[in-house]
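**Student:** Residue-level listing of the chains:
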Amino acid sequence: MSAEGLGYRIGLEIHVQLTEAGTKLFCDCKSNYRGMAPNTNVCPVCLGLPGALPVPRRRPLVLATAAALLMGCEMPTEMVFTRKHYFYPDMPKNYQITQYQGGGGAPICLGGRLRYYDPDLDVWRSVKVRRINVEEDPGRTEYEGSIQSSEYAYVDYNRSGVPLIEVVTEPDVEGPREARRLVEYLLLALDYMGATNPRLEGSFRVDANVSVEGGERVEVKNIGSTLDLERALRYEIFRQSKIISQGGKVRRETRGWDPVRKVTKPQRAKEYEEEYLYFPDPDIPTVPIKDLVAEARPLLLRTPERLMEAIVSYGVRQRRSWALVVTKPAAQLFLSSVRLGAEPRAASRLIAVDLKGLIKKFGKDPNDPSSWPGPETIARLTMLVASGEYTYDEIKYNVLPAIANDPMLDVKGVLPPKANNIDNVIDEVIMSEVKAVRDYLDGKAKALDYLVGRALRRMAGLAVDPKAVRTSLEERLARLTSGTQ
Amino acid sequence: MLLRLSRLSFNDDELPELCAKLREIRQLLSRVRKFKDLNVRPLYNVWDQTLEPPDVVEERYVKLSWLGQGSLRSGMVRVPWRGE
Amino acid sequence: MRPLQAHEVINEVLSGSMDLEDHVLQILERVKEKEDTIRAFIALAPESSIRARVREVREWLREGRRPRLAGLVVAVKDNISTSFLPTTAGSRILEGYVPPFDATVVRRLMEEGAIVIGKTNMDEFAMGSTTELSAYWPTRNPWDLERVPGGSSGGSAAALAYGGADLALGSDTGGSIRLPAAYTATVGLKPTYGLVSRYGLIPYANSLEQIGPMARSVRDLALLLDVISGHDPRDATTLRVPPTSTFIAKPADPRSLRVCAPPELLEASEPPVKAAITKLLGRLESEGAAVIYDRHLTTIDDALAVYYTIALAEAASNLARYDGKLYPFVRIAPTYTGTATETRSRGFGPEVKRRIIMGVTSLSEGYRDELYMAAAKGRRVIRDEVLAMSRNCLIAGSVSPVLPPRLGERITDPLKLYALDIYTVIANLSGVPSLTLPVDFYSDLPIGMQLMGPPLSEAQLISAGLLVESLTGLAGVAAP
Ligand SMILES: [Zn+2]
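Protein chains in written order, with my numbering: chain L, 1 to 485; chain H, 1001 to 1084; chain D, 2001 to 2480.
Treat the hints as calculated values from the structure; they're not laboratory data. It is possible that some hints are incorrect.
In silico SDA-like pairs for lysine to any residue, Cα to Cα no more than 20 Å straight-line [to be verified]:
| hint | chain 1 | residue 1 | chain 2 | residue 2 |
| --- | --- | --- | --- | --- |
| 1 | L | K412 | L | K444 |
| 2 | L | K221 | H | G1083 |
| 3 | L | K221 | H | R1026 |
| 4 | H | K1034 | D | S2364 |
| 5 | H | K1036 | D | K2032 |
| 6 | L | K467 | L | M408 |
| 7 | L | K467 | L | D354 |
| 8 | D | K2416 | H | R1026 |
| 9 | H | K1063 | L | N32 |
| 10 | H | K1036 | D | G2366 |
| 11 | L | K444 | L | T481 |
| 12 | D | K2032 | D | L2014 |
| 13 | D | K2416 | H | A1020 |
| 14 | H | K1036 | D | K2416 |
| 15 | L | K446 | L | P401 |
| 16 | H | K1036 | D | R2051 |
Over 10 Å on every C-beta distance to chain D, these chain L residues come out as not near it, computed from the model [said to hold, decoys possible]:
| hint | residue |
| --- | --- |
| 17 | G5 |
| 18 | R9 |
| 19 | A37 |
| 20 | E151 |
| 21 | V155 |
| 22 | E174 |
| 23 | N209 |
| 24 | G247 |
| 25 | G256 |
| 26 | K262 |
| 27 | L299 |
| 28 | E309 |
| 29 | S313 |
| 30 | A379 |
Yeah, the Cβ is synthetic: ideal placement off N, Cα and C, and Gly gets one too.
All chains should be built: construct the whole structure from the sequences, respecting the hints.
**Tutor:** Here you go:
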């Protein structure tokens, strides 16, 4: 429901590059072209030179099959590749090899369902998938100034032929937030299956179809992040609802998302309907799916859903298990530390909340396994808490920062001796900081912070739980007041 | 429309001949209409063969050696554009 | 005139009784003498690079290698990619394009010590049956300079016919090897679809065409076929078969030969053509072969329409890439669409443009079902009929309904041009191999016959061809 209260429908077309396939879809050039000089990841096939012939490579097809299995797709017995024609500078052959239902074609998936987790409400949702097709990415184009006015297009074909899957949903996505969560889940699942690295620049783009009750369908193209997807949908629902509630008409059109100004803008309307002249590519025999399915199945053992189930089975709450799973190395670390005897709940909090927070705070990449300590470290820390030797917060404040800073540190070296004499220290502080104590008693709450600080300084080098210090101080001061009056 | 889809243009004086010849060719091709409703599978690949996709084929990188420097700029292929 | 056949040359070169440089230079002389009038080549390799290549192959021989084509001069049709010579497919739009890779067949030639002498003229993108539709110039028939050599591999056939090469490569989409062979008294084979790699062949109609060997005798043709055939991982439509070994084939025993001569492949031919083929079939019968005249190919009436519908659809798609962005030929306009349109309008010849527009029509929303899809269904009907017949007998027939046409006679009317392919397209539609070889001359004009067999029956066709050659005595014949 939008602000104006009109109903709406959202459907998504999600294009994901299979960056981890190794090869392009029809040649041996690299599926991940990042960091390469322009036009150096190209061969006769992906440049579409006449006479070079596309031969489907196995890995991209296995990964696409895994995606279809993930979504429980109805699959044909044979995959067919179809030529789709349109003239564009980034298309070497002026046709794209894709999959198409009809005209003798058959996409890899003809209807399925994607289950995804909504961490905001801690529920599982699902969306109907209309189809999935495997296709080649075009080249990458740069313009001078705006796309509209640039005198030339400058094309780098390094991306040309990179395998893409296009996932098309039915228009029954509940809302902008859900759309974002859906795409995030899909990307994570493909990441776990080893199909894509969604953190790579340009590894996915989304086209969203939005229609508000009383208006026609508007397509918003080229949304490059999940956050932008949510924003673009909110913006578009608001914009269309406003027009309709003011008695205007929303016509069928294509708009583009401007990530800088955070608005959708009309794209120049085509003066005519394109004809794509679909027909099965005569260079590519059909590909039986059976063997691909057998090869793809093992990849499904590692979906986020499966992993969350495994983590929840240790008594970790579902939402916390999601927080582990969204960061691949974190989930791995959790599972291996539990296997080493770590207390699961403490371990999950330690990894998914505190350590992850510190790693980010120190500007390190939580998706890089080397940002994390080994499982034995986690196991040891949770055991210290479980045995009552240290409180969780003592570990959190005294040990985790050092580990986040240097994951290779030996815990033993970082573990400070226990400060057993908090009360003595507090007495000393109260006696030596007379002015601050008076300020506090006069109602200056800030003075307490100062006193806590002084106490911590006196205990430097020891394992101290700052919260415990604070509580003790408050109690002692409270007794002090009652005693003087 | 067909000319636009084909990205071809003709002078006015070429058009009548073009149309006449296309009409003749179309007449020949139209004979295939008789197969339209026939209950047989279309044959796209003469042996109906299938493919077991290989992992690699040893396709080699190439440089854009056949293109003049005029159509390249810092390695990128330069294509006239102006928005369409 | 009877120059040495390729297999004779190779014997002498390998045995050391002939120096391959002498042989190559002799052919270069012949080319210099004839090219001014015939114009079979679009591009000739510079003499210096030919000499360098000769030295290289000679070195191989000194090392004791015995490459199967050592020192043989091969002419390559200009739609077959060569990294060392421009490859234009007879079109302006590819002027100046030197591919960065070799076609698989070219690689295989080079590995066997062949000397590629040049790229031969052809109808633009192989769209034509006379070689008059080359964007560069028409090639003349060495047997009669007023006549066409056939097309689209007319340059390759003409070069062979005047002795400008030992062997040649052509491509056959709907008769493009066989028509020129028939018009020049040379031998040509359209192989089983998938026997020879198309990797590097500039595509016209992918599902129909094959690269094939051309030569002046059946034995020579077999030599070349053995080198170029066999599975290629770079072409997913090649069959998983090893290279053929047809060079060692023996002439067929006529008493175990069964030939069907369906009237549909003969009756409508010009009287001299029909008479020459009938006479040859009669001779085969008298040698003991069974010739069956009352088997019918009923689908042939529709073959031409089915063939052209499919070919033009695929062609329109294949030719979309030539828009000025990745090839040297470009006519710059301010916009991309303008540049593409201008480049294509100037770069393609009129027949190519017509075929593109027709192809786009048959794939368009409004016509796809009744044209392209209907033709694909018709293709199955035709294929099945041909396959059924080929299981019982070799199929013999005319190659062309007429003697070699005069220059200009056929190209003004597209339908008259297309009609030249009436007998040849069925082999392409049904994927079966078809061998063309000379059977006779009629007032100095060559007449050819084609023999079709079941899929992968190349060895059988070559055996039958050797038998026919022994009856005609035309092996190795060349124009004066
Ligand atoms: Zn490539």
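**Student:** Next step is simple, just say for each hint if it's right about the structure.
**Tutor:** Status of the hints after comparison with the structure:
no.: 1; hint: L:K412 <-> L:K444; in the structure: violated (40 Å)
no.: 2; hint: L:K221 <-> H:G1083; in the structure: holds (17 Å)
no.: 3; hint: L:K221 <-> H:R1026; in the structure: violated (39 Å)
no.: 4; hint: H:K1034 <-> D:S2364; in the structure: holds (19 Å)
no.: 5; hint: H:K1036 <-> D:K2032; in the structure: violated (54 Å)
no.: 6; hint: L:K467 <-> L:M408; in the structure: violated (28 Å)
no.: 7; hint: L:K467 <-> L:D354; in the structure: holds (16 Å)
no.: 8; hint: D:K2416 <-> H:R1026; in the structure: holds (14 Å)
no.: 9; hint: H:K1063 <-> L:N32; in the structure: holds (18 Å)
no.: 10; hint: H:K1036 <-> D:G2366; in the structure: holds (13 Å)
no.: 11; hint: L:K444 <-> L:T481; in the structure: holds (14 Å)
no.: 12; hint: D:K2032 <-> D:L2014; in the structure: violated (27 Å)
no.: 13; hint: D:K2416 <-> H:A1020; in the structure: holds (14 Å)
no.: 14; hint: H:K1036 <-> D:K2416; in the structure: violated (26 Å)
no.: 15; hint: L:K446 <-> L:P401; in the structure: violated (26 Å)
no.: 16; hint: H:K1036 <-> D:R2051; in the structure: violated (57 Å)
no.: 17; hint: G5; in the structure: holds (40 Å)
no.: 18; hint: R9; in the structure: holds (26 Å)
no.: 19; hint: A37; in the structure: holds (17 Å)
no.: 20; hint: E151; in the structure: violated (8 Å)
no.: 21; hint: V155; in the structure: violated (7 Å)
no.: 22; hint: E174; in the structure: holds (35 Å)
no.: 23; hint: N209; in the structure: holds (22 Å)
no.: 24; hint: G247; in the structure: holds (36 Å)
no.: 25; hint: G256; in the structure: holds (18 Å)
no.: 26; hint: K262; in the structure: holds (30 Å)
no.: 27; hint: L299; in the structure: holds (25 Å)
no.: 28; hint: E309; in the structure: holds (41 Å)
no.: 29; hint: S313; in the structure: holds (46 Å)
no.: 30; hint: A379; in the structure: holds (50 Å)
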